[in-house]
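Taken in sequence, the protein lines are chains F and Z. Residue 317, in numbering that gives the first Met the number 0, is where the first sequence stops; the numbers in between run on with no holes. Residue 511, in numbering that gives the first Met the number 0, is where the second sequence stops; the numbers in between run on with no holes.
By construction, these hints were calculated from the structure, which means they are not laboratory data. Treat the hints loosely; a few may be bogus.
Listed below are the simulated DSSO-like cross-link pairs for lysine-lysine, each with C-alpha atoms no more than 30 Å apart in a straight line [stated by the list, open to error]: (1) F:K16 to Z:K19; (2) Z:K502 to F:K61; (3) F:K111 to Z:K276.
Since this is a predicted model, take the numbers as computed values, not measurements.
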Amino acid sequence: MSDSPAIEISGLRHAYKSHVAVSNVTFTVGQKSIHGFVGPNGAGKTTTLKVLATLLAPQTGKVHVFGQDIVRDRNLVRRRIGYMPDHFSMYRQMTVFEYLDFFGAAYGLNQKQRDQTIGDVLALTDMAGRRNDYIQGLSRGMQQRVSLARVLVHDPDLLLLDEPASGLDPRARIELMEILQELRSLGKTIFISSHILSELATLCDSVTILDRGQVKYTGAMRGLISATEGDITGYILTLATEHTGLLQTLSALPGVTAAKQMEAGEFRYSVQFDKTRIGPNAVLHAALSVEAQIVAFQEDVKHLNDAFMDLTDPGVRT
Amino acid sequence: MIRPIFALFIRSIREDNRAKFTPIARAALVLVILFFLAINHRNFARQPAPGLQVFFLVMVINLFGLVLGGITAFCSAITEEKEDDTLGLLRMTNLSPVAILFGKGLSRFVGGMLLIVAQIPFSLLCVTLGGVSGEQILSGYAVLIATLFFLCNLGLLMSVICRKTGVAVALTLFVGTVIYVGGPIAYISTLEFGRSQPSGVWSDVFAYLLANNPLYQLGTMVFGAAGRGMPLTVSPWTFNGIGGVSFFLLAWALFGRFCSGTAETAPRRKKSAKGAKLLRAPRPDGWAIAWKDFWFLQGGRRGLISRFIGYAVLVFGFVGLVTFNNNYMESDDIGEMMMSFAGIGLCVELVLGAARIFGIERRWLTLSSLITIPIPLGSIIRQKILAALASLIPGFCFVVLGAMIAPESLEELWRDITRREESFLAFTYVAIHLISIPLLACWLSLKMRRGAVPATIAIGFVGNVIFAVLLDEVARSSDEAFLLLGIVIQFFLSVALMVSIRKRIALAAAAD
Chain F
0 MSDSPAIEIS GLRHAYKSHV AVSNVTFTVG QKSIHGFVGP NGAGKTTTLK
50 VLATLLAPQT GKVHVFGQDI VRDRNLVRRR IGYMPDHFSM YRQMTVFEYL
100 DFFGAAYGLN QKQRDQTIGD VLALTDMAGR RNDYIQGLSR GMQQRVSLAR
150 VLVHDPDLLL LDEPASGLDP RARIELMEIL QELRSLGKTI FISSHILSEL
200 ATLCDSVTIL DRGQVKYTGA MRGLISATEG DITGYILTLA TEHTGLLQTL
250 SALPGVTAAK QMEAGEFRYS VQFDKTRIGP NAVLHAALSV EAQIVAFQED
300 VKHLNDAFMD LTDPGVRT
Chain Z
0 MIRPIFALFI RSIREDNRAK FTPIARAALV LVILFFLAIN HRNFARQPAP
50 GLQVFFLVMV INLFGLVLGG ITAFCSAITE EKEDDTLGLL RMTNLSPVAI
100 LFGKGLSRFV GGMLLIVAQI PFSLLCVTLG GVSGEQILSG YAVLIATLFF
150 LCNLGLLMSV ICRKTGVAVA LTLFVGTVIY VGGPIAYIST LEFGRSQPSG
200 VWSDVFAYLL ANNPLYQLGT MVFGAAGRGM PLTVSPWTFN GIGGVSFFLL
250 AWALFGRFCS GTAETAPRRK KSAKGAKLLR APRPDGWAIA WKDFWFLQGG
300 RRGLISRFIG YAVLVFGFVG LVTFNNNYME SDDIGEMMMS FAGIGLCVEL
350 VLGAARIFGI ERRWLTLSSL ITIPIPLGSI IRQKILAALA SLIPGFCFVV
400 LGAMIAPESL EELWRDITRR EESFLAFTYV AIHLISIPLL ACWLSLKMRR
450 GAVPATIAIG FVGNVIFAVL LDEVARSSDE AFLLLGIVIQ FFLSVALMVS
500 IRKRIALAAA AD
């Protein structure tokens with residue numbers, strides 16, 4: 000396998016007649032990682048995924064998968080990807096085994112290879128006991144597992160999953176995430192789209208946030224929070240008892256932009272300051288200097304959803 | 000009570016108003032009428048009763064369109080809810096079975112009726128051409144609406160009974176054919192092959208069915224009662240009205256039985272007997288897509304056997320019917336009939352197969368998965384065509400069998416084609432339809448989710464009627480040149496469709 004990124008998109012634009020679905024989309028995804036592709040409904044996620052899956056040709060821009068151009072080397076790219084659309088697209092009159100056997104044969108695997116691979120993917124997706132069941136009778140969660148098994152049957156290097164958890168119950172979602180983590184440990188690159196950022200928070204190494212067809216953020220998941228913060232950071236100070244004069248002391252510090260009690264009757268205080276002018280140690284020192292009985296002093300970590308809300312615009316795309 | 004009953008009806012009328020197809024279909028029908036009027040207007044002085052002829056032609060086209068379009072629309076009334084798994088949601092609302100049936104059926108009936116009624120003012124122009132009265136025109140449209148009512152309710156009944164639209168259409172066609180066409184064929188066959196006038200209860204039944212055949216009713220209404228002891232026409236409303244209401248009541252009675260079950264649990268493949276194992280799909284190999292289509296789209300060996308049985312029932316049933324009437328058929332007659340029936344069957348299967356090869360993938364939303372398999376699109380198309388052609392083997396066998404029984408007819412046809420230029424061109428013109436019409440069906444199936452087959456047949460039929468009228472009216476002295484023009488047009492149309500189909504497959508896969 001070459002050292003090229005698993006996905007390299009540069010200046011991608013795609014429009015449906017006058018409606019621009021994605022514009023100037025640029026990002027890369029490293030190999031053997033899980034990359035979240037997040038955006039509100041209508042952001043252009045599915046269009047980008049369809050371009051990556053070679054179903055749509057980019058109108059402008061370049062898209063490479065493992066260094067191969069998705070237009071020029073379409074069939075080579077198709078061998079290395081497994082695309083799972085956001086809907087159930089299955090031959091429901093087949094049994095689970097027949098369905099996987101068909102796709103295995105279509106991808107050029109011989110019978111022996113297929114027997115081996117189908118056994119493996121059914122075990123991985125915990126569907127081995129249902130191999131002779133008709134797909135049409137399976138529950139939604141099970142059909143999702145069979146879809147995932149189908150994507151894996153030709154052993155692709157890159158999985159393109161379009162909202163794979165939509166419509167699944169909480170247990171099925173957790174189980175799906177566990178399967179994806181196992182696949183990462185097997186060396187697969189996983190590109191997973193969702194409109195719920197928090198769902199991917201613990202799973203993904205990196206993330207791209209798309210809104211109204213444009214990339215708002217791309218990079219490490221951890222960096223997403225700091226990217227939305229700017230120079231102002233927040234800490235929460237928890238005391239054992241009430242302290243009059245603490246807020247006045249903190250507010251007087253150079254670089255502190257706000258200091259307030261979080262809830263009336265509680266001894267928790269929020270302090271916001273410019274981290275280029277003052278550090279958290281100085282704030283803590285100031286609180287100790289007025290003999291406040293400190294129980295805890297911790298960073299006010301912004302929730303991922305807050306970051307997502309900051310990056311994306313409100314309302315529905317028109 | 001009234002509001003729930005009309006809720007679905009009002010929803011359907013709204014959807015119909017927003018649909019692009021409805022005004023196009025109405026405008027197309029009106030344009031066809033105006034076309035025939037314009038063509039016949041030139042021959043006003045030359046033909047006896049030109050208005051009558053135009054009107055009859057318009058009626059026949061309407062009847063044809065009504066049977067094709069109507070059956071597809073009516074049969075999907077309930078099955079579309081079953082296929083989309085939304086029937087359960089409908090039943091959870093305040094809607095009773097009768098409200099669902101009424102709402103879904105009435106909207107389709109009204110839609111079809113409006114399509115027919117919209118033509119009346121234009122058809123009344125036929126009166127000015129002469130030979131037909133306003134009363135005859137209104138009576139003709141009454142026959143059409145009565146037939147529509149009958150077919151609407153028959154389709155609704157089959158839609159309740161069946162889970163799939165395709166099966167409902169097949170059953171409606173079968174029952175409709177037996178009622179509307181079977182009786183007249185039986186009656187006429189007794190006249191054609193018989194040495195005496197038919198008699199007995201069966202003949203009375205056949206005669207009654209003939210009298211209620213809409214084409215016969217239109218014919219007798221326009222041209223008067225036919226000779227040779229044919230029965231006189233009867234009111235279209237008695238038979239169709241009673242039949243339609245009976246089908247509706249039956250659909251209502253059976254609604255609870257056929258429309259309440261859902262597939263909640265996964266059925267396992269049953270351990271089958273040795274004989275049944277032969278019918279099961281083997282493991283796929285190099286031609287995986289052809290394998291998949293043959294076994295899961297065309298029905299595999301089971302489908303082949305069913306088709307063999309279907310053709311055999313059709314052919315031997317007809318022979319049996321004639322024999323039942325104490326008549327005798329020459330082996331040449333049997334051979335010719337076998338070729339004709341199997342030939343028509345093959346054409347129908349060809350169009351159905353062409354509409355299904357990508358239409359089904361589109362309906363199942365599987366095109367995107369199929370297209371991302373690293374096989375060139377040309378190879379995917381070839382494999383799918385191969386599987387579709389394999390399903391035509393039974394029909395082809397019956398054509399060959401017919402040719403073996405009656406080789407003289409084939410030799411005669413061959414002599415005619417090779418010796419007469421006009422016959423050769425006419426044969427080529429018909430033969431090229433075997434390419435262009437399936438291509439049109441395939442193309443339409445990628446454009447519309449339902450109704451590609453009737454739309455194909457309707458376009459083909461109207462196109463050929465227009466071509467025949469032009470051939471008759473414009474190219475009186477140069478039939479060969481005009482036929483050649485028709486062949487060239489068909490050829491370029493086929494090429495254009497082939498190119499467009501490739502593009503549309505990619506577009507449809509991306510739109511999944």
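Hints and how they fare:
no., hint, result
1, F:K16 to Z:K19, "holds (19 Å)"
2, Z:K502 to F:K61, "holds (22 Å)"
3, F:K111 to Z:K276, "holds (22 Å)"
Going down the numbered hints, you'll see the structure goes against none, and every one checks out.
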